[in-house]
Amino acid sequence: EPEVTQTPSHQVTQMGQEVILRCVPISNHLYFYWYRQILGQKVEFLVSFYNNEISEKSEIFDDQFSVERPDGSNFTLKIRSTKLEDSAMYFCASSERRGGGTEAFFGQGTRLTVV
Amino acid sequence: GDSVTQMEGPVTLSEEAFLTINCTYTATGYPSLFWYVQYPGEGLQLLLKATKADDKGSNKGFEATYRKETTSFHLEKGSVQVSDSAVYFCALGATSGTYKYIFGTGTRLKVLA
Chain A
1 EPEVTQTPSH QVTQMGQEVI LRCVPISNHL YFYWYRQILG QKVEFLVSFY
51 NNEISEKSEI FDDQFSVERP DGSNFTLKIR STKLEDSAMY FCASSERRGG
101 GTEAFFGQGT RLTVV
Chain B
1001 GDSVTQMEGP VTLSEEAFLT INCTYTATGY PSLFWYVQYP GEGLQLLLKA
1051 TKADDKGSNK GFEATYRKET TSFHLEKGSV QVSDSAVYFC ALGATSGTYK
1101 YIFGTGTRLK VLA
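The listed protein sequences correspond, in order, to chains A and B.
Mapping of the first sequence onto our numbering: residues 1 to 115, in sequence order.
Mapping of the second sequence onto our numbering: residues 1001 to 1113, in sequence order.
Pulled out of the complex, with its shape left as it was, chain A reads as follows:
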């Protein structure tokens, strides 16, 4: 069964460092997403990406964050200068279509720890 894969599963970084979280969405999907979940809290939307551009972003997704689909298969989230409060589980997701009951498929997540 096709699945969304994320690497690494766990990343520890020093405050102020740049991190890149990587995702390979399901191959025929057109919509891509990043969500985050701070430990024990809700799953928060960060950004959606369609047709090689950001289609929607939340207030969390400030200038420190960027996304890219560099080669038609990978989908990356970059945090330019990490803060302690960026520590969270980051989930990548993809969907085939938008709306109409289409579900989003989620990866296993990358646990980011900023020290």
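Note that these hints are calculated values from the structure, not bench results.
One should not assume that every hint holds.
[To be verified] From the derived model, a few chain A residues whose C-beta atoms are all more than 10 Å from chain B:
#	residue
1	VAL43
2	SER55
3	GLY101
4	GLU103
[To be verified] Computed list of lysine-lysine pairs in BS3-like fashion (alpha-carbon distance at most 25 Å, straight line):
#	chain 1	residue 1	chain 2	residue 2
5	B	LYS1110	A	LYS78
6	B	LYS1060	B	LYS1077
7	B	LYS1077	A	LYS42
8	A	LYS57	A	LYS42
Glycine is no exception: its CB is placed at the ideal position from the N, C-alpha and C atoms.
Could you slot chain B onto chain A? The hints should help.
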């Protein structure tokens, strides 16, 4: 804006007990509704969904009915098992004008043998 409200957890039940996890939503338009489950240390997996009013989604003994009149999508299971212990998230699908799925806060379920 659109939002999802779930009952606070944790919910602790004995094996074979009846489960209800309440979910209500606020949305413009006609969203699809989803229940996702997160087992310990894992990502989010789709459990069931419903796309229009009065639809019933079901999977693995879980059911939820899309009630437009009460804007609810409560999750139920007649007899829970220890293996059902997980965090359950109610979610709204994208409606016109938005691309995102909106999640509730999650409800942790613990089933005791």
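Now the hints, each set against the structure:
1. VAL43: Label violated. Min Cβ-Cβ 4 Å, cutoff 10 Å.
2. SER55: Not fine: 5 Å to the nearest Cβ puts SER55 (chain A) too close to chain B.
3. GLY101: violated (3 Å)
4. GLU103: Violated, because the least Cβ-Cβ distance between GLU103 (chain A) and chain B comes to about 5 Å, which does not exceed 10 Å.
5. B:LYS1110 / A:LYS78: violated (36 Å)
6. B:LYS1060 / B:LYS1077: Within the cut-off at roughly 9 Å; holds.
7. B:LYS1077 / A:LYS42: holds (23 Å)
8. A:LYS57 / A:LYS42: The given pair, whose Cα atoms are some 17 Å apart, holds under the 25 Å limit.
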